[in-house]
Amino acid sequence: MRSAIHFASAALALAALASVAAPPALAADTPNPAADARAFQKYFIDKFPKLKLADFVNGPYSLNEDMHKQWEEKEQFPPYEFSLDMGKEMFSKPFKNGKSYADCFPNKGIGIRQDYPYFDDKEGKVVTLELALNRCRVANGEAPFSYVKDEMAALTAYMAFTSRGKPFDIKIPNDPRALEAYENGKRYFYTRRGQLNFSCASCHVQNPGERIRAEILAPALGILNAMPIYRSEWGGMGTISRRFTTCNVQTRGVPLDPQSDEYRDLEYYLSYVSNGLPISGPGARP
Amino acid sequence: MRNITRISRLVLASLLLMAAATSAMAAASEADFKTAYAAAETANKEAGALRDQWTVTATALAAAKKAADAGDFDTGVSQSREAEALAKASIFQATSEKDAWKDRAIR
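So the protein lines, in turn, are chains A and W.
When we follow numbering that gives the first Met the number 0, the leftmost residue of the first sequence carries the number 0, and every step to the right adds one.
When we follow numbering that gives the first Met the number 0, the leftmost residue of the second sequence carries the number 0, and every step to the right adds one.
I should point out that these hints are in silico values taken from the structure, not numbers from a laboratory.
Cβ coordinates follow ideal geometry from the N, Cα and C atoms, glycine included.
Hints are supplied without guarantee of correctness; some may be wrong.
A short, non-exhaustive set of chain A residues, derived as facing chain W with CB atoms under 8 Å [stated by the list, open to error]:
| # | residue |
| --- | --- |
| 1 | ILE44 |
| 2 | LYS185 |
| 3 | TYR189 |
| 4 | THR190 |
| 5 | ARG192 |
| 6 | ASN196 |
| 7 | SER198 |
| 8 | ALA200 |
| 9 | VAL204 |
| 10 | ARG230 |
| 11 | VAL248 |
| 12 | VAL253 |
Here are the computed lysine-lysine pairs in the DSS-like style, where the Cα-Cα straight-line distance is at most 25 Å [stated by the list, open to error]:
| # | chain 1 | residue 1 | chain 2 | residue 2 |
| --- | --- | --- | --- | --- |
| 13 | A | LYS165 | A | LYS148 |
| 14 | W | LYS44 | A | LYS46 |
| 15 | W | LYS44 | W | LYS64 |
| 16 | A | LYS51 | A | LYS41 |
| 17 | A | LYS124 | W | LYS87 |
| 18 | W | LYS64 | A | LYS41 |
| 19 | W | LYS33 | W | LYS87 |
| 20 | A | LYS95 | A | LYS107 |
| 21 | A | LYS170 | W | LYS101 |
| 22 | A | LYS165 | A | LYS41 |
| 23 | A | LYS49 | A | LYS73 |
| 24 | A | LYS148 | A | LYS73 |
| 25 | A | LYS107 | A | LYS170 |
| 26 | A | LYS124 | W | LYS64 |
| 27 | A | LYS170 | A | LYS41 |
Label-pair restraints from in silico Cβ distances [stated by the list, open to error]:
| # | chain 1 | residue 1 | chain 2 | residue 2 | range |
| --- | --- | --- | --- | --- | --- |
| 28 | A | GLN249 | W | GLY70 | 34 to 40 Å |
| 29 | W | GLU45 | A | ASP260 | 15 to 21 Å |
| 30 | A | ASN206 | W | ALA99 | 14 to 20 Å |
| 31 | A | ASP120 | W | GLU45 | 33 to 39 Å |
| 32 | W | GLU29 | A | ASP28 | 47 to 53 Å |
| 33 | W | LEU49 | A | GLU122 | 23 to 29 Å |
Kindly generate the complete structure, drawing on both the sequences and the hints.
This is the structure:
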């Protein structure tokens, strides 16, 4: 009888301890962006211990000595220079109504790239820089640009250039909709799709530094800091929208519309986990 | 007598099998194509609702339509069936990934 009481007491004590030590099952699924970002950055730091954190923004050029030399040489006469000049000119040219891009952005649009995308509490959605630029145009009676290249790449190239060296500073406000957008972006990043059954993470988390055909895969950490980029493969400039849609096509998935909610959320997630790393755009990639 | 009955049954069964095989090999009709194409389109729309369509499905659907437009309903049907199978695979992928992605997330 005595031993039965002991046993029951011990069982009760263990059960009480377990209820304190183990968080409820729901808590495990609650988004925790700050913890995610720490784990995300640690994963890449552990994977590439010789690399400085800030060097991740140079993508594959940081992972291979020969490629790094190529990059240094390229930077003497960067292939994005024409686009950058075009963007600067476009940015300063007034719209037909006399206003300009500067009127649509904080600090007249200079040195603000690191704050995009942000969560707009009025709209309840993520707003990217590309989206904000086209909204600025439409609000001022101008036709929107294609999201994937040319003018949009030029404008974002100039805005990134004025923000070079500033660390990504993406904020997730205490708003369940913002957390949901973040979580949706995370889900998109890790979800396999397309006939090849690849997720974004298949290449950029599981295999950065490895070759896929002739290319060296970039790490996901810092991957958006260099956007927009001139890609030799594209023979021109491309925006974040172009990067996302072409990735989908390469896995034989039908891409979504540029600036669809999923891509906006994906950009939110990927930018947030790279917080603290400097903006280096516009960039160049093989 | 019993053996003769057995042989007759066997012959009859063989004839029926041959007839069935011949009819299966008959050229596909426009109606066959329309049925197969509609099934493929329905599956692909479902994949679209799950935001996981595949480019190869669209390619097979286009090939099916092109063949049918040229009067080649055999190819039209076979390409439609290919498209339906691909669309169903993409639906399976989207469904199974609903929670599977969590296992891959960095923690």
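Consistency of the hints with the structure:
For ILE44 of chain A, the interface hint is violated, the least distance from its beta-carbon to any beta-carbon of chain W being 12 Å, above 8 Å. At about 7 Å, the closest approach between the beta carbon of LYS185 of chain A and any beta carbon in chain W falls short of 8 Å, and the interface hint on this residue holds. A least Cβ separation of about 4 Å between TYR189 of chain A and chain W falls short of the 8 Å threshold, and the interface hint therefore holds. The criterion of a C-beta within 8 Å of any C-beta in chain W is met by THR190 of chain A, whose closest approach is roughly 4 Å, and the hint holds.
With a least beta-carbon distance of about 5 Å to chain W, the hint placing ARG192 of chain A at the interface is held under the 8 Å criterion. Checking ASN196 of chain A against chain W: minimum C-beta separation of about 7 Å stays under 8 Å; hint holds. Hint status for SER198 of chain A: holds, given a least beta-carbon distance of 7 Å to chain W, under 8 Å. With a cut of 8 Å, the hint placing ALA200 of chain A at the interface with chain W holds, because the nearest CB-to-CB distance is about 6 Å.
Taking 8 Å as the C-beta contact cut-off toward chain W, the hint placing VAL204 of chain A at the interface holds, the least distance being around 7 Å. Evaluation of the ARG230 of chain A hint against chain W yields a violated restraint, the C-beta minimum of about 20 Å exceeding 8 Å. At its closest, the beta carbon of VAL248 of chain A sits 6 Å from a beta carbon of chain W; the interface hint therefore holds under the 8 Å criterion. Checking VAL253 of chain A against chain W by beta carbon gives a least distance of about 4 Å; that is within 8 Å, so the hint holds.
This hinted pair checks out: LYS165 of chain A and LYS148 of chain A have alpha carbons roughly 24 Å apart, not beyond 25 Å. Note on LYS44 of chain W and LYS46 of chain A: the hinted pairing is violated, with a Cα-Cα distance of about 41 Å set against a maximum of 25 Å. At most 25 Å may separate the alpha-carbon atoms for a hinted pair to count; LYS44 of chain W and LYS64 of chain W meet this at roughly 16 Å. Among the hinted pairs, LYS51 of chain A with LYS41 of chain A is consistent with the structure: their alpha-carbon atoms are about 12 Å apart, no more than 25 Å.
Among the hinted pairs, LYS124 of chain A with LYS87 of chain W is inconsistent with the structure: their alpha-carbon atoms are about 32 Å apart, more than 25 Å. For the hint linking LYS64 of chain W to LYS41 of chain A, the alpha-carbon distance of about 51 Å lies beyond 25 Å, and the restraint is violated. Distance hint between LYS33 of chain W and LYS87 of chain W is fulfilled; the C-alpha atoms sit about 18 Å from each other, no more than 25 Å. Taken as a hint, the LYS95 of chain A and LYS107 of chain A pair is honoured in the structure, with Cα atoms around 18 Å apart against an allowance of 25 Å.
Restraint check for LYS170 of chain A and LYS101 of chain W: the C-alpha separation of about 23 Å stays at or below 25 Å, so the hint holds. For a cut-off of 25 Å, the pair hint linking LYS165 of chain A to LYS41 of chain A stands: about 21 Å separates their Cα positions. Simply put, LYS49 of chain A and LYS73 of chain A have alpha-carbon atoms about 23 Å apart, close enough for the 25 Å limit, and the pair holds. A hinted pair counts as satisfied when its Cα atoms are at most 25 Å apart, and LYS148 of chain A with LYS73 of chain A qualifies at roughly 21 Å.
For the proposed pair LYS107 of chain A and LYS170 of chain A, the alpha carbon gap of about 20 Å is at most 25 Å, so the pair holds. As the CA atoms of LYS124 of chain A and LYS64 of chain W are separated by approximately 39 Å, the hinted pair breaks the 25 Å bound. A hinted pair counts as satisfied when its Cα atoms are at most 25 Å apart, and LYS170 of chain A with LYS41 of chain A qualifies at roughly 20 Å. The given range of 34 to 40 Å is respected by GLN249 of chain A and GLY70 of chain W, whose C-beta atoms sit roughly 36 Å from each other.
The hint said 15 to 21 Å for the Cβ distance between GLU45 of chain W and ASP260 of chain A, and at roughly 20 Å that hint holds. Checked against the hint of 14 to 20 Å, the pair ASN206 of chain A and ALA99 of chain W passes, with Cβ atoms roughly 18 Å apart. At roughly 34 Å, the beta-carbon separation of ASP120 of chain A and GLU45 of chain W lies within the given 33 to 39 Å, and the hint holds. Taking the beta carbon of each, GLU29 of chain W and ASP28 of chain A are about 51 Å apart, inside 47 to 53 Å as hinted.
In this structure the supplied range 23 to 29 Å holds for LEU49 of chain W paired with GLU122 of chain A, their Cβ-Cβ distance being about 25 Å.
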